[in-house]
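Trainee: Here are the chains, one letter per residue:
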Amino acid sequence: MKASLLIPSALLLICAASGCSSAKLTRVQPWERATLADYTMRPDRDPLHTAMSEHIFFSREASSGGRGVGGSGCGCN
Amino acid sequence: MSYLNKTLSACLLAFVANASVASAEIKVGAPFPELQNSSLEGTLPSREGRVVLVDFWATWCSPCKASFPFYNALQTELAPRGFTLIAVSVDKKAAPYEDFVKRFTPTFTTLRDADQKLVAAVQPPAMPTCYLLDRHGVLRLVHSGFHGDADGKKLRDEIIKILDEKP
Numbered sequence: 001m002k003a004s005l006l007i008p009s010a011l012l013l014i015c016a017a018s019g020c021s022s023a024k025l026t027r028v029q030p031w032e033r034a035t036l037a038d039y040t041m042r043p044d045r046d047p048l049h050t051a052m053s054e055h056i057f058f059s060r061e062a063s064s065g066g067r068g069v070g071g072s073g074c075g076c077n
Numbered sequence: 001m002s003y004l005n006k007t008l009s010a011c012l013l014a015f016v017a018n019a020s021v022a023s024a025e026i027k028v029g030a031p032f033p034e035l036q037n038s039s040l041e042g043t044l045p046s047r048e049g050r051v052v053l054v055d056f057w058a059t060w061c062s063p064c065k066a067s068f069p070f071y072n073a074l075q076t077e078l079a080p081r082g083f084t085l086i087a088v089s090v091d092k093k094a095a096p097y098e099d100f101v102k103r104f105t106p107t108f109t110t111l112r113d114a115d116q117k118l119v120a121a122v123q124p125p126a127m128p129t130c131y132l133l134d135r136h137g138v139l140r141l142v143h144s145g146f147h148g149d150a151d152g153k154k155l156r157d158e159i160i161k162i163l164d165e166k167p
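First to last, the sequence lines map onto chains A and B.
Counting from 1, position 47 in the first sequence corresponds to residue 47 in my numbering; the numbering is continuous, with no gaps.
Counting from 1, position 163 in the second sequence corresponds to residue 163 in my numbering; the numbering is continuous, with no gaps.
Fair warning: there could be bad hints in the mix.
[Said to hold, decoys possible] Output of the computed footprint for chain A on chain B, the stretches with three or more beta carbons under 8 Å from beta carbons of chain A: (1) 53-62; (2) 84-98; (3) 116-130.
[Unchecked claim] Derived, one-sided and incomplete: chain A residues facing chain B with beta-carbon distance under 8 Å: (4) Pro30; (5) Trp31; (6) Ala34; (7) Ala37; (8) Asp38.
No lab work stands behind these hints, which were simulated from the structure alone.
The C-beta atom is built at its ideal place from N, Cα and C for all residues, glycine as well.
Just chain A, same shape as in the assembly (with noise of 0.2 Å):
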């Protein structure tokens, strides 16, 4: 390989590897979550919108056993 094709290679490398292992560009931590903990981050804050998303859910999934409720997939439960 030629040199002037290894050192950016070896930059690329170098930049990938220290991305893979620096936990701090990963994750979030543990002390940092408070915006992930707020409420309006939790995808069932709404009842109405998770009882009607349930419903199309099971109606739709029901041939293959969606949330338990063995059907034939007529949709009609």
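Position chain B against the provided structure of chain A, taking the given hints into account.
Mentor: For chain B alone, coordinates are given in the frame of chain A:
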């Protein structure tokens, strides 16, 4: 050594060095950062010759708040024997912290690490995490999480064991 070998060795060294920097949480036996140099909001109590429990908590952390009644009882029971509990909040916003402290009125000292300098130096693995320091300031126990009475009993037993040691 060829040029290729040298370059690959340098890459490997950089990777290893970076990986070793990533994990720096404080372990038992290691020195605990000085609290008075950590720009904490609030008044630090005297820790001279006392067994100290430093607890990291936040108002957005439910297990942290669940531990407060236990800590209140612990402080009331063991303070006369030389125990001091310091609860360090990592809340960046002052309002929720002040509201909670006002509503709960803890019997122990609560401080706020507004800049998160101390917590970043200590790097607790979870919230809440508490650090038990003996009368000489040596870190003796790191306890993560709070799961009710079982955790409380374990913590209380460890504190009493250290309080029973000769000064």
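Trainee: Hint by hint, say whether it matches the structure.
Mentor: Verification of the supplied hints:
1. 53-62: Answer holds; 4 residues pass the 8 Å Cβ test.
2. 84-98: This one holds; 4 residues, not fewer than the three required, reach chain A with a Cβ under 8 Å.
3. 116-130: holds (count 9)
4. Pro30: Holds. Min distance 5 Å.
5. Trp31: holds, 4 Å
6. Ala34: holds, 5 Å
7. Ala37: holds, 4 Å
8. Asp38: With a minimum Cβ separation of about 7 Å from chain B (threshold 8 Å), the hint on Asp38 of chain A holds.
When each numbered hint is compared with the structure, no violation occurs for any of them.
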